[in-house]
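The listed protein sequences correspond, in order, to chains A and B.
Reading the first sequence from the start, the letters are residues -4 to 304 in the working numbering.
Reading the second sequence from the start, the letters are residues -4 to 304 in the working numbering.
Simulated from the structure, these hints should not be mistaken for laboratory data.
On a predicted model such as this, the values are computed, not experimentally measured, just so you know.
Just so it is clear, CB atoms sit at the ideal spot from N, CA and C, and this is done for glycine as well.
Heads up, a few of these hints could be off.
To be verified - Covered by chain B, per the in silico footprint, the following chain A stretches (three or more residues, Cβ under 8 Å):
| # | region |
| --- | --- |
| 1 | 8 to 17 |
| 2 | 124 to 131 |
| 3 | 164 to 173 |
| 4 | 207 to 216 |
| 5 | 275 to 282 |
Here are the chains, one letter per residue:
Number of protein chains: 2
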Amino acid sequence: MTAFFYGKNKESPLLKTQLTTYQIRVNSALNSHIKQQTSLSQDGKNQLINALEYATLNNGKRLRPALIYAMGEALSIPLNTLDAAACAMELIHSYSLVHDDLPAMDDDALRRGKPTCHIQFDEATAILVGDAQQTLAFQIISEDPHTTDTNKVRLIQLLTQASGIHGMIGGQMIDIQSEGELPEINQLRTMHLMKTGALIKSSLLMGASQSDRYNDIKERIEHFGNLVGLAFQVQDDILDIESSTETLGKPQGSDEEANKSTYPKLLGLVESKTYRDKLITEAQATLKQLNLNSAFLEDLTTYIAKRSY
Amino acid sequence: MTAFFYGKNKESPLLKTQLTTYQIRVNSALNSHIKQQTSLSQDGKNQLINALEYATLNNGKRLRPALIYAMGEALSIPLNTLDAAACAMELIHSYSLVHDDLPAMDDDALRRGKPTCHIQFDEATAILVGDAQQTLAFQIISEDPHTTDTNKVRLIQLLTQASGIHGMIGGQMIDIQSEGELPEINQLRTMHLMKTGALIKSSLLMGASQSDRYNDIKERIEHFGNLVGLAFQVQDDILDIESSTETLGKPQGSDEEANKSTYPKLLGLVESKTYRDKLITEAQATLKQLNLNSAFLEDLTTYIAKRSY
């Protein structure tokens, strides 16, 4: 897990330490929420809660919560006022994976090196757990004792806009419908901006939502989020070709097998790397303009290209 | 649709008129929200939005929105401040039906006389549409210009608590797991209180949420909601035996075939009717104590037993 974003000899000690801190923080908060759900249950740990725990506490990379915390820290927002947003964001990301892995969707048996939720349990449980993760995301924000009602409403607006029809869900629909086709580069870009970019962008915005500077920096944050999200996705496609199954935690070349459209297929491998680097350079410039002085966000932007899974 | 809650010669003109008014109101609001989603879409009406429209604007009975409006009216809350809650509640109910109908769950091909969402479209679309309906529910509340942030937060708390692990989703999990078994009456009661009762109860609470009397009457509303919810479910089980496929909009006896536990199976048909009537009598008494003077809620409580589908 701690190897996230680093190949051998490419490590940034600061990034590694900071990311681990964020991971521990959000995992602990998620664990508390699941414990609370268990204590509220009449029959204790039932199958639904077991599956919720299995799908949520899964050694995920916690990139999106890290973006929330990092942006918040850069704007001097207290971390304890960001925990609910971080948990909610990860639950939305996690539910999308649980549902995307279903046989009717991507039909994946392996996720982060472990059986996917519907393999470990069954399809009905996986559908319900995904539904429950989404509900819990909004519940956690709405019940958070550490922030104002106005900020809660803003967080829920950001999260629903990013994950709904014009964001993550819409992107997944395009992805499924375009399997077997080879779309143009612009269509692929739109799909990824919706499917992956929207949550990355809104993570950054949710981290900034309590800042006095929010309205002034919102647009630039969005631009930075789009660039980072796209670069992340291009690298994902490159890794699908270059990495081993063991490192990826899913079958190597699975996107290729599934007849999915990828950047290397459309642009070639060399050109994809050039495109990725161009995105990263622009992201770095945008981050500089934001004047945040966040070593973590700077390192993260740089190291997207160097991560090995 | 207007025949809801009435067999022949059993009509309450007030209930019928009022319910139709509420149905038209929430359908119009839902229609606006779907139109807005379409206008935000780059490619206009795509498959996801078509399926969203199909699953949402489906001549549903709109019982839960009607409960929100009726409770709000009884407490002199302006109806336009209740539209978002009514739409959100119906979207949550609707998403649960779309997912429950999936092959991995109840595997139903017919809903309200029409092909279910995964039959009309496909399974992947039905999973994504259910997900999108849930997201849209919380988005609509969070973006509502007609109510305060504090009320929005309360509405989202009520809706997530009612529809999550300890409410609707948990109830559906118990329902699926208990198929083929014949549980005790208490287990069946718990399952229905979670699966159906929780949303009915929270509809009433959401209607009341802006009232000054909210904290004083909350508990009594919950008790009333539990009684009405259970009576509604017992009647549902009775109708599954007594009504025709055409009237029900789903195959008659489908619960029996699916080896589902029902009140008539556990108590017998006569005893089930006695139980239903006992619940209704207690609900009527509780409503009287609430001192709301809502002819609609009084009629509704009475007519649950007399509805024919």
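Quick rundown of the hints versus the structure:
no. : hint       : result
1   : 8 to 17    : violated (count 0)
2   : 124 to 131 : holds (count 6)
3   : 164 to 173 : holds (count 6)
4   : 207 to 216 : violated (count 0)
5   : 275 to 282 : violated (count 0)
Of the numbered hints listed earlier, those contradicted by the structure are 1, 4 and 5.
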